[in-house]
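Student: Here the protein sequences line up with chains A and B, keeping their order. Under my numbering, think of the first position of the first sequence as 1, with each following residue one higher. Under my numbering, think of the first position of the second sequence as 1001, with each following residue one higher.
Calculated directly from the structure, the hints in this document are not laboratory data. There could be a bad hint or two in this list.
Claimed, not checked - One-sided and incomplete, this derived list gives chain A residues near chain B with beta-carbon spacing under 10 Å: (1) Ala38; (2) Ala51; (3) Leu66; (4) Arg70; (5) Ile148; (6) Leu152; (7) Val158; (8) Gln159; (9) Leu165; (10) Leu166; (11) Ala170; (12) Val171; (13) Pro173; (14) Leu201; (15) Val208; (16) Phe212.
Just so you know, even glycine gets a beta-carbon here, dropped at the ideal spot from N, CA and C.
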Amino acid sequence: MWRDALLVGAKDLRVEARSRVATNQVAPFAVLVLVLFAFALDPDRGMLQRAAAGLFWVAVLFSAVLTVQRSQAVEGADGIGDALRLSGLDPAGIFLGKAGALAVELFALELVLGAGVIVLYGVDPAGYPTLVATAAAATLALAAAGTIYGALASGSRVQETLLPLLLLPAVAPVLIAATRAWEAALGTAVAVTAAADWVSLLGVLAVVYVAFGVAAFGPLMEER
Amino acid sequence: MRTSTSSSLTLSLGLAAGLSLGAAVVLGLTLPASVEQGEYSRLIAIHPGLAWASYLCFGVTALSSAAWLWPRTRAPRWDRLAGASAEIGVVFTALTLATGSIWGRPTWGVWWVWDARLTLSALMLALYLGYLALRRVPNPPEIRARRSAVAALLAVVVVPLNHFAVDWWRTLHQGRSFAQLDPGNDLDGAFIGAMLLGLLAMTLVYSWLLVHRYRVARLEDERDERSFEEALDARRRETVVAR
Chain A
1 MWRDALLVGA KDLRVEARSR VATNQVAPFA VLVLVLFAFA LDPDRGMLQR
51 AAAGLFWVAV LFSAVLTVQR SQAVEGADGI GDALRLSGLD PAGIFLGKAG
101 ALAVELFALE LVLGAGVIVL YGVDPAGYPT LVATAAAATL ALAAAGTIYG
151 ALASGSRVQE TLLPLLLLPA VAPVLIAATR AWEAALGTAV AVTAAADWVS
201 LLGVLAVVYV AFGVAAFGPL MEER
Chain B
1001 MRTSTSSSLT LSLGLAAGLS LGAAVVLGLT LPASVEQGEY SRLIAIHPGL
1051 AWASYLCFGV TALSSAAWLW PRTRAPRWDR LAGASAEIGV VFTALTLATG
1101 SIWGRPTWGV WWVWDARLTL SALMLALYLG YLALRRVPNP PEIRARRSAV
1151 AALLAVVVVP LNHFAVDWWR TLHQGRSFAQ LDPGNDLDGA FIGAMLLGLL
1201 AMTLVYSWLL VHRYRVARLE DERDERSFEE ALDARRRETV VAR
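Looking at chain A on its own, in the form it has when it is part of the complex:
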């Protein structure tokens, strides 16, 4: 299973590295979202600094939708989905590989967005361990949920509109927990919250989504 996961994950990352869609389109889109938030809110009264954690994770969610669509589009082209099914690879391995590749892409995107938040919003990145732990758990949860819902919405003509409708309500707890944990770490929380509790919740979310994906990808692969 792990060998298959490495194969699929490396394949997805290689395709992304060669096509450069993530770097040329998704990352600029994510930064543009940060800039648009600054236009919508008042940048001169500390509003952006206070809301930075939430705005960061909303930008990540929007970008994640695009990245998931891209990840599924790779399988749809040239009958690659059928080839994967015929390859005899373990469906759980395929899920882990795709989710892993997606997590790597999202994490890279979060680094770009993190730099954007520091530069554009003037956030002081205090509490590094919490920020990194939150980002790691939230990214894993987003990648796993995105891979499952991406597979559910794949192959339909309405995939672009269906995927956000399916994915966003399901990852709402990730947004809430990641935002609260980052607020606690950055010291911008309105109420006193324990970052460790939120990071633990994110860990549970990641484990649940990964476990569900490992179990459900077999039946989903059968149909193709």
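Fit chain B to the supplied structure of chain A, relying on the hints for placement.
Tutor: Positioned in the frame of chain A, the structure of chain B alone reads:
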């Protein structure tokens, strides 16, 4: 082929649902106005029942989806039942949100607050609207059933997670309505009676709607199958005539 969804079962269920719903409404309207919430407290006859029915709907959707995914019990009827129940669940959840909002206006002073249970209901509505959208994607029946079943089971996993997240986030909502049944609560017996009658009425309304919706789905499947066979026969006849 049957063309109606009525039967003695639906007639009995419909009659029982209508009577119990009417009784719940009458009992609700005759309740005394409460000191804190005034006339709005009468909504106890409807609102908890709607919320309970929406959970029941999604529970049935999950169980039916599991039955479809399990190879030994796999049959189209489970997929139809899951879809029918989810559709009714979405209606009940929307009504729960609407009645909750009307009830919340005098209590909290605004139509909407970011309270844990309101937010959870809104997320649940969005989740199952997505589920229904997935069911409407034009796919072969087997693929539609498989994807819908996985999505329904995932939604059952997601709802408790959403519950934890929003519960920790904030809670303004009054205690659970069912907690009022515990001994030592300060709720008047008439209010408890109205609430229990509302629960029964909504369960019966749900059952009545479910049987009808299930039968409509079965008729739709039969129609699709028949139209394909008729088109195939017509095409074959054309080919024979041409020869």
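Student: Where does the structure disagree with the numbered hints, that is, which hint numbers, in rising order?
Tutor: Numbers 1, 2, 3 and 4, in rising order.
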